[in-house]
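Participant: These are the residues of each chain, in order.
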Amino acid sequence: MNEIMAIAGGTWRRILRMRVVYFLIICVLILIGSAYNYDILSLGMHKQLMMDISLVLNTIAAILITVSITFEIPKELKEGVASTLLSKPLGRTQYLIGKLVGIIITAVVITGLITLGFIFLYNAAFGEVSGSMIKGHMLVMASVMPMAAIGVLFSVFMPEFLAATATVIAIWLAHSVTSLSKIKFLYGGIIPDLNLYNLRAEAVSGIHIGWGYMIAVVIWGIVFSIFATAVASLIFSYKDLK
Amino acid sequence: MNVIETRELTKYYGSLFWKKKEPALDKLSIAIPEGSVFGFLGPNGAGKTTTIRLFMDLIRPTAGEALLFGKPPDDLETKRQIGFLPDNPVFSSYLTAYEFLDICAKLLRVPSSERKKRIEEVVELVKMSKHLHSKLGGFSRGMTQRIGIAQAVLNRPRLLILDEPLVGLDPHGRQELKDIILHQKNSGTNVFFSSHILSDVEKMCDRISILHQGNLLCFGKLEELLSETGSRVHVKHGEDEIIKDLLPEATGTIRLSDGSWELVFQDKPELSKRIKSLAEQHPKAITITPSRENLEDFFFRKIENAKQII
Chain A
105 MNEIMAIAGG TWRRILRMRV VYFLIICVLI LIGSAYNYDI LSLGMHKQLM
155 MDISLVLNTI AAILITVSIT FEIPKELKEG VASTLLSKPL GRTQYLIGKL
205 VGIIITAVVI TGLITLGFIF LYNAAFGEVS GSMIKGHMLV MASVMPMAAI
255 GVLFSVFMPE FLAATATVIA IWLAHSVTSL SKIKFLYGGI IPDLNLYNLR
305 AEAVSGIHIG WGYMIAVVIW GIVFSIFATA VASLIFSYKD LK
Chain B
104 MNVIETRELT KYYGSLFWKK KEPALDKLSI AIPEGSVFGF LGPNGAGKTT
154 TIRLFMDLIR PTAGEALLFG KPPDDLETKR QIGFLPDNPV FSSYLTAYEF
204 LDICAKLLRV PSSERKKRIE EVVELVKMSK HLHSKLGGFS RGMTQRIGIA
254 QAVLNRPRLL ILDEPLVGLD PHGRQELKDI ILHQKNSGTN VFFSSHILSD
304 VEKMCDRISI LHQGNLLCFG KLEELLSETG SRVHVKHGED EIIKDLLPEA
354 TGTIRLSDGS WELVFQDKPE LSKRIKSLAE QHPKAITITP SRENLEDFFF
404 RKIENAKQII
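So the protein lines, in turn, are chains A and B.
Under my numbering, residues 105 to 346 are what the first sequence spells out, in order.
Under my numbering, residues 104 to 413 are what the second sequence spells out, in order.
Looking at chain A on its own, in the form it has when it is part of the complex (with noise of 0.2 Å):
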């Protein structure tokens, strides 16, 4: 364990350290904060524009982070910064792990980060929060570990330009499994549905979500990156490292 949080803990500052985060959460908290104004072309609807926008733009936010693990370990690996470390007592499993855990809990405190700023300004422009949204924001954190279970495993066995293209393919594809349905092959467990997290709809017109569909969702996505990241570690252990 003590390994694996090593490897998060680097992943962890290096993302920390990009100046381009901070832009990110302050871009996409005024953009939030801006849908206040669309009072009139929203037809009086700006309320559930704001929540609808802080859904999108937070889940936007998770995939950018999520991404950039498909940059970061196809890079470690081509420069040899992999090696060094996997000459330490190190498996190769628990660097991918590490590495999985790192970018989950970066991009839980910023997408945490982002509805904390959600929160305030709704709050501040309309004096209420409700569960459904909150809830709504929770599932966009939790989004984030299947999605971060994809990079990883485009990242084993492609270079970064090329695994974070894929990584972004199959998240939309992931996403849009309600309107793309009838593409089987697509569909038969291969590619996970993310639609499960997306609770627009609900939150923005006020419908109760259960707690037993929240973990029961969680859940999915932990079995979900479990598979994906044996899959990529019985892959990376066959691979010749530079």
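Treat each hint with caution, since some may be false.
Unchecked claim - Here are the computed lysine to aspartate or glutamate pairs in the EDC-like style, where the Cα-Cα straight-line distance is at most 20 Å:
| no. | chain 1 | residue 1 | chain 2 | residue 2 |
| --- | --- | --- | --- | --- |
| 1 | B | K306 | B | D273 |
| 2 | B | K371 | B | E383 |
| 3 | A | K182 | B | D190 |
| 4 | B | K324 | B | D400 |
| 5 | A | K343 | B | D190 |
| 6 | A | K343 | B | E168 |
| 7 | B | K124 | A | D344 |
Since the hints were derived computationally from the structure, they do not count as laboratory data.
A quick note: this is a predicted structure, and the numbers were derived from the prediction, not measured.
Model the placement of chain B on the given structure of chain A, informed by the hints.
Facilitator: Here is chain B on its own, set in the frame of chain A:
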């Protein structure tokens, strides 16, 4: 127990469906006993780095096996006893030297109470204390090499594997590193290192092996390998007939300032007999002294012989 042992260790690069025709390493079998400083020599592309990467479990063998302290290289307990400096080390540029060494110390399970002290100790050893809190991304090649050495000795290893450790260091840095290697040897660490700088290897190593195009050319104690004697024949100025006779057989020739010649011969029985008889015929013109090759001559002779066979 042998520190390192390989049995017909072979590596072909390529993918699952396609493999290169020539092996990067071909049936390497060596055994290095405890208490050695081992020099692993060979020209570029000989398979030195491939072998080291196989020892560190960074690449998988196509056939054969490598054992470190009697265990396979992927054994985590064994890895805990090894320090490794890769060829051309690259570390996470966004981390400071301290943060990087702290991650290494955690991976090596250095107790948290001891970690800071141990990091300061190794950084002091490689003379990088001033740069402990600087980012690795701003380090020169030599500074990175020093941090590489620091992370390799962080766990006080029983076996130190160094891939071209002297590359990238200035003469002063090279001397310091040689002192570190000798210090490690004196404190009971086994050292295995590859190098192109033969004079340094000759000074530091007690055992060597030479690799050429993936094949082992020789392996053993340096002293024994270099005692493969030859002879050095001094021929006085003006003895052109003798020179003409001997020159084609000589492996080395030097024309001295007084016009005399010095010819170097390998130890071949027939040739020795001929030289002896010539010396008896011309005792004033020829002086024979037994010669001991230096590592550089030995290395080039072995490589040349291998090229001729291939």
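Participant: Hints the structure violates: just list their numbers, smallest first.
Facilitator: Going through the list in order, the structure violates no hint and respects every one.
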